[in-house]
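Number of protein chains: 2
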Amino acid sequence: MAGSLGRLFRGFQSFTSLPATRAQLSHPPAFFSSRTMVTLPSFLSSKPRDFSLPNSSWGPEMLRLYELYNSQCEVETEGGEKQEGSWQRLPSYNRSLKFATGGVYLSKIIQSKARLFTRNIREQGAAFEYVLFNNKEEQRCVGIFQAGHLLEGPPGHVHGGAIATMIDTVTGTHATILSGPVMTANLNINYRSPIPLGSTVLIESSLDTKEGRKTFISCKVTSTDSSKLHTESTALFLSINVSHLLRGG
Amino acid sequence: MAGSLGRLFRGFQSFTSLPATRAQLSHPPAFFSSRTMVTLPSFLSSKPRDFSLPNSSWGPEMLRLYELYNSQCEVETEGGEKQEGSWQRLPSYNRSLKFATGGVYLSKIIQSKARLFTRNIREQGAAFEYVLFNNKEEQRCVGIFQAGHLLEGPPGHVHGGAIATMIDTVTGTHATILSGPVMTANLNINYRSPIPLGSTVLIESSLDTKEGRKTFISCKVTSTDSSKLHTESTALFLSINVSHLLRGG
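Sequence lines, in order, name chains A and B. Under the UniProt record's numbering, the residues of the first sequence are numbered 1 to 249, in order. Under the UniProt record's numbering, the residues of the second sequence are numbered 1 to 249, in order.
Same shape as in the complex, but just chain A (with noise of 0.2 Å):
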């Protein structure tokens, strides 16, 4: 299990969203799996806030990385067109959707102040700052992640399960656009080398191999210029039914 079947959702907003400033809402979300698009609500359309977007916490790094990938989400043709480049930014929220496909209404199992982890502290810098970016054709997701100072495990250095967390939601993420709704099944990682509070790392995604239910994902965390291997893991994810985990079963 884990926080692959909220990430169906999150391009869906909730009553309860924190509201969205006026920066992030001039950038309208550009990613929605195919799978879980619906109709919503005209009293639901008020943009959510978007946390994939830079805001003043970002450091150097994390922006430098960030123009990199996001001037590639789109390019101009000779003739002066727009059209779509080879990585995809994938939006980002801080709650699931009350209503699934079908129109299941969800608020029996999830309690109206429910979060997603990874989006949970308000505090902009504070905790998990990330941004997703996927290249469908070389089918590889990478994550550029900035680590908050109340991610501490290690006296000054990333805690090992906030590591497993982003290495869940990238490789969860990629396993999603890859092949639809799963559930994490496996996490196998090997810790290397500590991440120090407040620095940006890389981490990449590929996929190893579909087999039925089953996608096998690769995931590096390393520094920003590749040279220092942080973690190394593989994960492996199955297909669901969503239907199932929404009824409660």
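No lab work stands behind these hints: they were computed from the structure. Take these hints with a grain of salt, some might be off.
[What the hints assert, rightly or not] Covered stretches of chain A, going by a simulated chain B footprint (3 or more residues, C-beta under 8 Å):
hint : segment
1    : 56-68
2    : 112-123
3    : 159-165
4    : 169-183
[Stated by the list, open to error] One-sided excerpt, in silico: chain B residues whose CB lies under 7 Å from chain A:
hint : residue
5    : L63
6    : Y66
7    : K113
8    : A114
9    : G161
10   : T184
11   : N186
12   : I189
13   : Y191
All residues carry an ideal CB built from backbone N, CA and C; glycine is no exception.
Keeping the supplied structure of chain A fixed, place chain B upon it in accordance with the hints.
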């Protein structure tokens, strides 16, 4: 790497600890690793909040299990004297120490705002509520974990990263008790059944073997009556020289 080293220092407070309540102050910390015990200057000796003690957010199941293990921490002899029981409650604080063994001042590498990942949210019951008990004779450690609404992954269920975080916390604390200062080298986690938000689960850690610098541990997350297996995992910890990390090496 992981929360392991952080746990070594959790018996100590910082200048910036949250104010402790009256109820918490009446239960002084009962456990310190002998390897990390240092004498603190008197100006550091105001008691920090011990997060392992019951608060008003704890549900009946969490309280019942706390009492079950806590009642076995001290036993009364026939003569009416009190003596150590088979279990020992492990106190838990929200940050690492600025002073390490030998008086190394850590402020340069630890930002004053840093907080232990599992204790970084002030609202009681919102995130990780847990208490750990250790059984020295049986080389077993037990965590009782109540999952708050801010730990959401799949709709209505706990994030896989939050579960990994608790597994790292329980096994890492256990490894530290068994082997002294350690860092997490590997976590291999199989997710069997999702954990509903708000529920209380048991996390049981047991020593598999020790080989040189390596400590191998197994861990299961189950329903409180042990009938349902949510997660099973193995963990490998490496003994470390703390000063290496403190120097930022």
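Hint check:
no.	hint	verdict
1	56-68	violated (count 0)
2	112-123	holds (count 8)
3	159-165	holds (count 7)
4	169-183	holds (count 3)
5	L63	20 Å, violated
6	Y66	22 Å, violated
7	K113	5 Å, holds
8	A114	4 Å, holds
9	G161	3 Å, holds
10	T184	4 Å, holds
11	N186	5 Å, holds
12	I189	5 Å, holds
13	Y191	4 Å, holds
Against the hints set out earlier in the document, violations occur for numbers 1, 5 and 6.
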